[in-house]
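This is what each chain is made of:
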Amino acid sequence: MYETSYSRAKDASDAAKKMRAADDGKFLAGGMTLLPTMKQRLAAPSDLIDVTQIKDIDDINVTRKEVTIGAGATHAAVASHAKLMKVCPSICSLASHIGDPAVRHRGTIGGSIANNDPAADYPAAMIALDATIVTNKRKIRAEKFFTGMFETALKDDEMIKAVTFTAPKSGAYAKFPNPASRYAMAGVFVADHGKKDIRVGVTGASSDGVYRANDMEKAMGGKLSSEALDGCEVDEGAMLSDIHGSAAYRANLVKVMAKRAVDAAAG
Amino acid sequence: MAKVEITVNGRATSAEVEDRTLLVDYLRENRNLTGTHVGCDTSQCGACVVHVDGKAVKSCTMLAVQASGSDVQTIEGLAGDDQLHPMQEAFRNNHGLQCGFCTPGMIMTAVDMVNRLGPKLDEKTIRAELEGNICRCTGYHNIVKSIAEGAKQMGKGMKKAAE
Amino acid sequence: MGIEGIGARVLRKEDKRFITGKGRYTDDHKVAGMHYAAFVRSPHAHAKIKKINIKDASKMSGVVGIFNGKELTGDGIGNIICGWMIHSKDGSPMNMGAWSALATEYVRYVGDAVAVVIAETQAEATAAAEAVDVDYKVLKAVINPEEAMADKAPQLHPEAANNIIYDWEIGEEAATDAAIAGAANVVEMEIHNNRLVPNPMEPRSALAQYDAAEDHFTLHTTSQNPHVARLVLSAFYQVAPENKLRVIAPDVGGGFGSKIYIYPEEIVCLWAAKKAGVEAVKWTSDRSEAFLTDAHGRDHVSKATMGFDENNKIVGFKVDTIANLGAYMSLFSSSVPTYLYATLLSGQYNIQNIHCNVRTVYTNTAPVDAYRGAGRPEATYLVERMMETAARQLGVDPAELRRANFVTEFPHQTPVIMCYDAGDYGASMDAAMEAVDYAGFEKRRKKSAKKGMLRGIGMSCYIEACGIAPSAAVGSLGAGVGLWESAEVRVNPVGTVEILTGSHSHGQGHETTFGQLVSDRFGLPSENIQVVHGDTDKVQFGMGTYGSRSGAVGMSAIEKALDKVEAKAKKIAAHMLEASEGDIEIKDGEVSVKGTDKKLLWHEVCLGAYTGHNLPEGMEPGLKEGAFYDPTNFTFPAGCYICEVEVDPNTGTTTIEKFVAADDFGKIINPMIVEGQVHGGLAQGIGQALMENAVYDESGQLLSASYMDYTMPRADDLPSFDVSTTETACPGNPLGIKGCGEAGAIGSPPAVINAITNAIGHNNLSMPASPQNVWAAIKAGE
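Residue numbers (the numbering used here), protein chains in the order written: chain A, 55 to 321; chain B, 19 to 181; chain C, 565 to 1346.
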């Protein structure tokens, strides 16, 4: 790891201030991606601004169907939050399958979303849940937030404070993990918001990162039906290809996972 | 450089370290607690698992400064003065280790597993919970057995303590 | 701890330190004046080194020295050698290219070491290594061994035209061809054996200390055979003469073959410590370096043809194999695809005609050498996939086809050198078939089909040769060393016993099992017995641990030394008790005269040996004996493995529903440890079959270079195993031991693949049967 300078932010404005003062700073949350990248000398931020000590940053709030998850909430916290489990079990289930137990104790929802790894799980959920990403500057709808592989709408000194969404009527996430890394090779989050509004978020598979599967949504026409997806063709040309999965295989997985998620959401 | 103050195995420790110092290096190099191992550089093998404020974490993926102010428990701090922890006993009784390199991380993960999920653990749960710990010697067969038995023994201990 | 002898499930003595975090592995050692090494490695698979610029790096903080390959060879450090001479079928010796511990002119694989930086801290060494500026002329690389043999392929070493190291054969070609030509049925297959990275969880590490006043070196290293390390470091690499070099292999976190070899880093750390004028240099591999530079395993492609007569008896077996040895010839690399492989092509079957041709090839990839099983998994995979495919082609039950061809009379001389001494292959098969409920499979298959899943069952009957190996025999086949083992048994005046052994334990539990021999013989409690290993200053000599040799060879040496100790103790006791030597019995810690109440306690006899007050006339005092044991034959563990899988046709995911292993290891000293060895071997074999794969791209970059891309078997990939043993004693050694360390890795891959091909309904599937590959195979079969 290259040398770096660590500091803890007291609050969001302190974090932004520290970031502006840094040459090439990075916000540090759980560090589950950033620190391994730094260990491999693939990233060399001059400053690490630890945002996990900010008051209330890890709060999870559920009021009726309205959910707010603080950016610093760990995957373990999301996975085991009793109230959240009641209104939106699918997000808890997703969180409970990110990484391994030790990773879930440190990794946070804010860190995952800000990094927008094309194989991360949360981005698919954010898209399908039509979540809003709340930063220290503004609110951004998920679809506008994720702008491409490892790319987001975040400005340099902008940090995520929380994500908010309305719990759907039902939802489910189906993931096919990469056999080696266990990251998603295809992960599909399906959320039925009622009033014929079903949203499908897909992660892991596309060379553009997370995306909304409009064709699948259209094919279902507002009704959770895995048979309705039979006719959907996933575009191989848009899929990632590597030693674990060719584009054709990934395209197949997207469809299989979508059908499984739809079936699970339909209960 | 940063000053870190970490309670390690119940003892207050402090040192001036580089900001980039990983918790595992602090433990191994500064505190000479070499039971915590490093088996990979991608945060996957789990040989470095310790407990920070009671939760299993990978000490290779946490800076020592991040842990400043925290309580850290390592494999060296698990046993009592002259008594092994029931999970340690269970690993020995069930031949849950061969070369011993992954063992400290396995045991720390196992104890955390029981702390979170309770003493009744079925095989499927144990195997799923071991996703972040790689062993190359045992084929996991006896590790799974060890954890199931260790959990049971921990449960008896918990029950006793509650009485 | 009590008195627990041969056959008891004794809990391991060594565990106490490992479960409390007190194990002491190489990297745990710290010494005064310790500096750190970081290697400058080639990012290219093939290139000429034009210039190494160290100007900036040498000025960096903490740097005490930066050294390159020309300085290394200039100081007389010798090239790394392969210790087993193979001759091509035309009689010419193998074409070994030069391998310098630091490259001098060319780099030949990604990770090839070019220079070393010695600095005060690890961070400083790493930073300076990154700042060393190497100017390369990049050359075209060749990765595929078949392409490497082509006329216009890039040449790696001037010594090896067309990159061919040797073109070797075994068996009678004409007779085999004739037998196959006359066969009623012929089965043909092309079979790949995937490339693997051994991945012991402890990465390699070396701590070299140099005492300038004594001109003496001490090396702590992650080795399976510290004496062999010292031998080659002295005799071939000229680092220091043996009397000036102590090698210690302390606790070692797994090896699986990959820690047999003496690697460039160990040589360089020793040499650089002296050169830089520092007291000590430590290097510890990170996992990424391990993937690039640890010797890999397997990587064969073979064409195989097997002929059957009208009664389904095998009449001939012909194999043509190309083995990829990587960029350099590692220590045992030449023996793996020849004498450790082709000599086992008869499997458990009576085959009169076998011919195998093997070409080994240099490519721009990491060196390939022995990995758990070494050659025998390759042979087993070939034979057992052929048998399964043949059964399907011939329309007979795979178990019955095998049974009809089993060797049933012993000794049995195969046409490929090996003479099987004992076995009962039908017994293992019966045990496995019963354990798996072979008869109930069809019912289970239907149940799976109802869920939309494909169920399959596959079998593998393996045989291996271990107890490596009779020295004269391997010498005649080209081995550079003898493969005996030595032991010393030291009885202390108070009656406690130390066993010094040349075997090395890195997970096998020798501290426990070796002690059981003493417990058994003298009735001593295990806490009175200590096993000493892994230090050339303490143990006189040894050949180390690999090839499942520590039981059959290492323990036999101990047994021989114990015979001598027992004989002397009886002489002393007879003298002290005024009895006849032949009437003395040693049991339960007592030494008594048969049929009388005259007796001494064991420690009284031991003390008597050391006081020397009352010894038989002319007897030397003391009670310490050594022995060298050289085996008379290989041993032949064998068994039957059956795997049952469920395949999800939508994703190609394979789930192992049942895995049954029935092994014949001969006499078993500690069943608990033997079962553990089988479990671990199975996991590695299943890993090879289902997921593990070292993949290079065309330019020679390793794509599977971390756990992000190299699929290690994890707990949820595997089932619990059903293991059992049957026993035919091995006539070749005093304990009747065959060995158990590699069986699981040897026998399991074909069982898994045979199960999957059974499930998907055709035989066209290569390892690893990853979800993607199985899905594609299902598609291809539709």
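Hints listed in this document are in silico derivations from the structure and should not be mistaken for laboratory results.
Think of the CB as a built atom: it goes at the ideal place given N, C-alpha and C, for glycine as much as any other residue.
Treat each hint with caution, since some may be false.
Unchecked claim - Where chain B lies over chain A, by a calculated footprint (3+ residues, C-beta under 8 Å):
{"id": "1", "region": "90-100"}
{"id": "2", "region": "149-159"}
{"id": "3", "region": "164-173"}
Unchecked claim - Non-contacting residues of chain C with respect to chain B, defined by C-beta distances greater than 12 Å in every case (computed):
{"id": "4", "residue": "573"}
{"id": "5", "residue": "651"}
{"id": "6", "residue": "655"}
{"id": "7", "residue": "708"}
{"id": "8", "residue": "877"}
{"id": "9", "residue": "916"}
{"id": "10", "residue": "977"}
{"id": "11", "residue": "1162"}
{"id": "12", "residue": "1234"}
{"id": "13", "residue": "1243"}
{"id": "14", "residue": "1244"}
{"id": "15", "residue": "1248"}
{"id": "16", "residue": "1269"}
Q: Return the numbers of the hints above that this structure violates; sort them in rising order.
A: Of the numbered hints given earlier, those the structure breaks are 3, 4, 12, 13, 14, 15, 16, listed in rising order.
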